[in-house]
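If you read the protein sequences in the order shown, they are chains A and B. Quick note, my numbering runs 4 ahead of the 1-based positions in the first sequence. Quick note, my numbering runs 1437 ahead of the 1-based positions in the second sequence.
Hints listed in this document are in silico derivations from the structure and should not be mistaken for laboratory results. C-beta: ideal position from N, C-alpha, C; glycine also. Any given hint could turn out to be false.
[What the hints assert, rightly or not] Short derived list, chain A residues pointing at chain B, Cβ under 8 Å:
#1 SER57
#2 PRO87
#3 SER90
#4 THR93
#5 LYS95
#6 THR104
#7 VAL192
#8 ALA243
#9 LEU248
#10 GLY251
#11 LEU252
#12 ALA265
#13 PHE269
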Amino acid sequence: MRPATRLARLGALALGIGLFGVMAIARVQAQPAPERQGLVLSLSKARVTITSSFSGDSIVLFGVVPDDLGGATPDVVVTVRGPNGSFVTWKKARRFGLWTNAESRSFLAAPAYLAVLSTRPPAEMAEADTLRQEQAGLANNRFVQRIGTDYADVVPGDPFRQAFLRVKQTQGLYFERPDAVEFIAPHVFRAVIPVPGIAPIGTYEVQVKLFENRELVARGRLPLEVAKVDFEQSVATAAQHYPLLYGLATMFGALAVGFVANLAFRRD
Amino acid sequence: MTIYLPIAELPVNIFTLLALGIAVGFISGMFGVGGGFLMTPLLIFLGVAPAVAVASVSTHMAASSLSGTLNYLRRRLVDVQLGLVLLAGGLTGTLTGVLAFMLLRRFGQLDLFIALSYIVLLGTIGTLMVIESLRALLRNWRGEPARVRRPGAHPWFLRMPFKMRFRQSRIYVSIIPVVIIGFTIGFLGALMGIGGGFLLVPALIYLLRVPTLTSVATSLMLTLVTMAAAIVMHAVLNQTVDAVLGLVLMVGGTIGAQFGARAGQAMKAENLRLLLGLLVLGVGLRVAADQIRQPADLYAVTVDEAKR
C-alpha cells in the first residue's frame, strides 16, 4: 500500500469513527423504541458471474418484514453499494478559446456503483435529518471530498457533488428508482437490482432499511459478489499476476496473426 | 452478439468491433499508415478507458505492421539501417513520452494536451499534404514534367556532422535530424496512442528525401518494433492490454488492410496523398471543433488513478 493511500484510508477511518459517534448519539436521542433485527432478506443470486457473453444481469431481492412490526406496510429503501473508488470531478472552463479542465474536487472512497430502490421517494418517508443520517436516498449518501487538507462531505447543493451524481447516473452506474420495491404480499417485498455490463468487479453491499411513522424500524444487509469467471477470470489473472508473460504472449499472438494474414493474402 | 472484454471490463458488440477493425484496416492498408490516430479515439468513444484503448490498439498495429513489413521485405524496400537509426531516437522518445503521460495525467491536463497535439499536428500535416498533392495534380493537369530531385541540394540540417550513407534510401545525410525525427515520433506515439506512420512517412519523404515506397516500408518496420515493445511495456507497467479486444481488432484490421492495399494500388499517388491529407485534416478539425464548442455537460468525472 502506498503512503498516500494509507493516509487517505486513515483519514477516511478517522472520519468514519467521528461520524459513527455522532450517529450513535443522534440515534439514542431520536429513537426511543429499540430497533428490531428480525428482517429476513434473500437474493436470487449471491454471486454475479461475468462470462464472455455477460452484458448485464438482474438480481432479485426478497424481504420479509418482521411480524412484530405494526400492521401497516412499512416504507422500504434498498441501497446497493459497489466497491469504493476515488474519483475526480472536473469543471471545464474556457481558456484561450478552448474548453479545458479548470477546477477539480477529489471524491474519496465513493462507491463505483450505487443503486437506491424504494417503495416511494425517500424524501416522503421521514425527516430530512433522519434520511441523511441513514443515507436513505441517492442524494443523502455520503460522498467524502478532499478540500485542501480537509476531508468532508459538503451540502447536497454543492455543484461538484451534484455533477458527480449526474455524470454517474448518465454513465449508468448510479440509479435512483423510487418505485422499484413492491410488496407482493402484505409482509413480503421484492426489488430488482440492475447490474449493468459495465458494473465494476468486487464485493457489493445490499442494505435494506424499513421506515414506519417517519422512523427507522428495521434494517438488514447482505453481501453481493460480482466476479469474473472462466476465461475472463484467467485472462485478468494472467494480466495481473504474470504481466511480463502476458505481455510477451500477447505480442507473439499479435505477430502470429500478422504473419498468418500475410501468408493467407500473399499474391505472388 | 456481445462479448465481454476482460481487461476493459465492459461488454461490446463483437460486430461493431470487427467493423471498426475492417474500416480502420482498409484505411491503413490504402495509405500505408497504422491507423492508430483513428482507432484510439473511436475506441474511447465506444466507452473503453483511454489507457486500455491506447495499449490494446498497439496489439492491432503490431499485427498489421508485421503483415505489411513482410510484403515490403520481400520486395526489398525496407531500409533496415535507416530504421535502426530512427529506432535509437524512437525508443528514447517513447520512454520520455510515457513519463510525460504520467506527469500530465497527475495534473488533469492530459486530455487538453492530447487534443492540442491532435489539432496542431493533424492540422499542419493535413494542410501541407493537401497543398502539396493539389500542386502535383495541377502540374499533371497542365502537362508539366514532375520536378526531378537534384542531388547535392541539401537543406542545412542534412549537412550537419555525423553523416552516414543509407544505401537503400540513396541518401547521404547527418544522423542528427534522423535521430530527432525518431525521438519525436516515439514521444508523440507514447503520448497520443498513435503509431506515428502518418507523421513519419511525410517526414522521411519531405525532410530526408527518402523515396516514397522506401519511406512507407521503413515506417512500417519502425511501427512494428515500437508497437511490439509498447505491448510489453503497457502490460508490465499499466496492465491495460486487453488481449481479447486486440484480437478482434486484429482480425478485422488485417482483412481490411488487404482490401485497402488493393484499392490503394489502383489509385494515382497524388490522389492518394490528397485523400490522406483530407482525412488527416478532417480528424484534426473534428478535434478542434470539440474543444471550441461548449460541452453539453461542463463537468466530467475521471477515476483517480493515483489512488488506486
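Evaluation of the provided hints:
A least Cβ separation of about 7 Å between SER57/A and chain B falls short of the 8 Å threshold, and the interface hint therefore holds. Among the interface hints, the one on PRO87/A is violated; its C-beta lies about 11 Å from the nearest C-beta in chain B, farther than the 8 Å criterion. Hint status for SER90/A relative to chain B: holds, with the closest Cβ pair at about 4 Å, below 8 Å. The beta carbon of THR93/A comes within 5 Å of a beta carbon in chain B, closer than 8 Å, and the hint placing it at the interface holds.
Interface restraint check: LYS95/A against chain B, minimum CB-CB distance 6 Å, threshold 8 Å, status holds. For THR104/A, the interface hint holds, since its Cβ comes within 8 Å of a Cβ in chain B; the closest pair sits about 5 Å apart. For VAL192/A, the suggested interface contact is broken, since its CB lies about 33 Å from the closest CB of chain B, more than 8 Å. At a threshold of 8 Å, the smallest CB-CB gap from ALA243/A to chain B is about 5 Å, leaving the interface hint in force.
Using the Cβ-Cβ criterion of 8 Å, the hint placing LEU248/A at the interface with chain B is satisfied: the shortest such distance is roughly 6 Å. Evaluation of the GLY251/A hint against chain B yields a held restraint, the C-beta minimum of about 3 Å falling below 8 Å. Proximity of LEU252/A to chain B holds as hinted, the smallest CB-CB distance being about 6 Å (cut-off 8 Å). Satisfaction of the interface hint for ALA265/A is found here, the shortest Cβ-Cβ separation to chain B being roughly 4 Å, below the 8 Å cut-off.
With its C-beta approaching chain B no nearer than about 4 Å, PHE269/A sits inside the 8 Å limit, and its interface hint holds.
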